[in-house]
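Asker: Numbering (the numbering used here), first residue to last: 335 to 742.
Treat the hints with care, as some may be off.
[To be verified] Simulated restraints on C-beta separations:
(1) 728 / 588: 27 to 37 angstroms
(2) 733 / 638: 43 to 53 angstroms
(3) 584 / 452: 22 to 32 angstroms
(4) 738 / 664: 17 to 27 angstroms
(5) 499 / 628: 45 to 55 angstroms
(6) 551 / 370: 36 to 46 angstroms
(7) 605 / 664: 41 to 51 angstroms
(8) 469 / 588: 28 to 38 angstroms
No wet-lab data here; the hints were simulated from the structure.
For glycine and all other residues, C-beta sits at the position ideal for the given N, C-alpha and C.
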Amino acid sequence: MRVLLVGAGGVGTAITRIAARRSFFDRMVVADYDPARAEAAVAALGDGDGAARFVAERVDASDEAAVAELLARHGCDVLLNATDPRFVMPLFRAAGTAGVTYVDMAMSLSRPDAERPYEVCGVKLGDEQFAAADEWAKAGALALVGMGVEPGMSDVFARHAADELFDEIEEIGIRDGANLTVDGYDFAPSFSIWTTIEECLNPPVVYEADRGWFTTEPFSEPEVFDFPEGIGPVECVNVEHEEVLLVPRWVDARRVTFKYGLGDEFIQTLKTLHLLGLDRTDPVTVPSASGPVAVSPRDVVAACLPDPATLGERMHGKTCAGTWVKGTKDGQPREVYLYHVVDNQWSMAEYGSQAVVWQTAINPVVALELVATGAWTGAGVLGPEAFPARPFLDLLEAYGSPWGMREQ
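Between the sequences and the hints, there should be enough to build the whole structure, so can you do that?
Answerer: Written as structure tokens, this is what we have:
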């Protein structure tokens, strides 16, 4: 297997550090718009045998022809997308044109309904990709979408629950919480603020079997969820996320939700950004020393905040991603929480990557190894729950990153 990794930010760099310890691939081309970032990600691997398989390149993720040319030049058979969601479709199309396997961790962007945004869905997350599912299937090519931690590992947990833990499922709820703190900053998101704004301020989607997909208001239905391994109770609210769009396609559940533990201060900051129009992506014209310049307000916010990849030394605590499932087994009610916890102190010491980006990065690497070995096979546009869960969970433990299950 020869992999083109597009994006050498925090997650992309963590991917290289995890992959360097595995032998299932022959080469990984690390490409970024900023060649210095790609070169730094490769250089950080040192001179060991694993590092010799990595090479740095420059590429513009929005330039489909350039991406396809890079795939061909290096003989890559997989494109792994570690960029933000704005670049999903050009990279997805470039992989389709080149006839290679495509893997991402976030899906094509949504667009709210213009008239009733908090009641009905407009364009849903992933709709543009699923519209091409027949083309991918006819070509015998695989697009594995939403294969990060959430979506990704959380979807694998949902499939595992359906296969081995429940006879009937009433509700699947993704619940994400942490007790992470960052020294020296009053507001420092541990993940891309661009993506965080997108998913938190868009209308959240809920699935119910007798109603289908529908939307609600941002930060709705607050609940306190008790997270394991010392994290404790965290208030969680509805947030737009891919699992709600993915899980019902392959897992039979009467209701699917996603709730994120954000905290009042974080929510108020996001609401303020929205009130001021600083969450907008359409450029506005501002004066500069060189004359008027068109800039995206959201890009300005991102530029003013610290790069999440650089926060590891200042971060303390744990992050937890998991899937809560309620239903019946052998005629008896059952409720479980399947989860994965990463301690920032451990991920920094072991990999030099902060916990949130490391937890995201390990999952596509595990998935690529399953594809390389033939444990996961398929054609079309498929989510993680389209594949058997047990091989993934077993390999995750072999990577030294165990998962857990708590009876509720």
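Asker: Each hint should be assessed against the structure and marked as holding or not.
Answerer: Hints and how they fare:
The hinted range of 27 to 37 angstroms is satisfied by residue 728 and residue 588, whose Cβ atoms lie roughly 29 angstroms apart. Evaluation of the 43 to 53 angstroms hint for residue 733 and residue 638 yields a failure: the beta carbon distance comes to about 36 angstroms. Residue 584 and residue 452 have their C-beta atoms about 27 angstroms apart, which keeps the hinted 22 to 32 angstroms range intact. The given range of 17 to 27 angstroms is respected by residue 738 and residue 664, whose C-beta atoms sit roughly 23 angstroms from each other.
Separated by about 52 angstroms at the C-beta atoms, residue 499 and residue 628 satisfy the suggested range of 45 to 55 angstroms. Checked against the hint of 36 to 46 angstroms, the pair residue 551 and residue 370 passes, with Cβ atoms roughly 42 angstroms apart. The hinted window of 41 to 51 angstroms between residue 605 and residue 664 holds, with their beta carbons roughly 46 angstroms apart. Between residue 469 and residue 588 the C-beta distance comes to about 32 angstroms, which sits within the given range of 28 to 38 angstroms.
Hint compliance for this structure: hint 2 is the single one not met.
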